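Line by line, the protein sequences give chains A and B. For what it's worth, the working numbering labels the leading residue of the first sequence as 200, then goes sequentially. For what it's worth, the working numbering labels the leading residue of the second sequence as 116, then goes sequentially.
If you are wondering where the hints come from, they were derived from the structure by calculation, not from laboratory data. None of the values given here were measured: they were computed from a predicted structure. From the three backbone atoms N, C-alpha and C, an ideal C-beta is built for every residue, glycine too. Hints may contain errors.
Negatives, chain B to chain A, calculated, CB over 10 Å [said to hold, decoys possible]:
no., residue
1, Thr144
2, Phe174
3, Ala198
4, Val203
5, Gly251
6, Pro293
7, Ala309
8, Glu332
What follows is a list of derived Cβ distance ranges for each label pair [stated by the list, open to error]:
no., chain 1, residue 1, chain 2, residue 2, range
9, B, Ala149, A, Lys229, 46 to 54 Å
10, A, Val224, B, Ile338, 42 to 50 Å
11, B, Gly236, A, Lys229, 52 to 60 Å
12, A, Lys229, B, Asp202, 50 to 58 Å
13, A, Lys229, B, Ile338, 15 to 23 Å
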Amino acid sequence: MEKETRTPPSYLTDDDEVDSRRDIVRKLGKYATYAAPFTVLAFSAKADTGSSTGPSARRARKH
Amino acid sequence: MYLSRLKSITVLPVALLALSQFCAAAEVTANAAAEVGTSPGTLNGGDSTSGTFSFIYTFADTDMYSVSGSYSTSYIGGTTKIAFTTDVGYIGNSTHTVTSSTDVLTLDLLQDYNFTGNPNGLYSSHSILFLPPVTGAGSFTEAQVFYDSQSTGLMGPYSGTTPQSFSTSATLNGLTTPLDANFQFVYSFAPGTAPIPEPTEAGLWGLGLVALGLFAEHRRKRIHRNTGREN
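Bound conformation, chain A alone (with noise of 0.2 Å):
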């Protein structure tokens, strides 16, 4: 009777690897660009922020 050898499937071809490289970097890409806005927000300043100016002249009244 023959006996079936199975590949683990936990191993990968070369091509494979390659592969898993490119969409490693390819999902990089995604992925950053879903963490980007949560990342700028972390580092976006929160302040108040205000500012005065003076003085203005009165407009002149029409008779």
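The hints should help you fit chain B onto chain A, whose structure is shown.
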């Protein structure tokens, strides 16, 4: 010979310019204690100054706050301008817990103007206020601008975490030269205010989430490939 003469001609104006900016520099205080500069400088017509700051303020109860921001002031074309930006956050205390008492932090930007002509007139102020999302109930922030101790109107108080715009104006009389300007932010942090994460810490969390998602996607694709090979 000409190069040395050129050097001597240019050094003096540069020195005078630097000296004028030094004299015109503004002062930033936290609860009346100087944090930037030691006294408000005086701007003459055509002068302007700006800067950034960052410091830690510690209350007597050991509550610590990170304070950072920027300022710019100018006196150009007969108009005075004072602008102030502050970012305040509670970073913890000696026991690494939330605040146990109310902390009131008053930040003042002080600038004097050597006003030519009559400084009396209409002064307008504007601010955008909001609180960090982890402040205790009852916390608030407000802003106010004073010219020779006369206010253009209180902006706030505001307790929300969504930025809110405020505008005030007032016709001020009896102003003198030099004109003393003071842009003031007041923060009142109620008990229960939690420490805020540092921006670097939050950024690392974001990168960690990216790495987790990437690993999950890679694992899913590997399983999908192996399932297809077995069939």
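Violating hint indices (sorted, rising): Checked against the structure, the hints that fail are numbers 3, 4, 8, 10 and 12, while the rest are satisfied.
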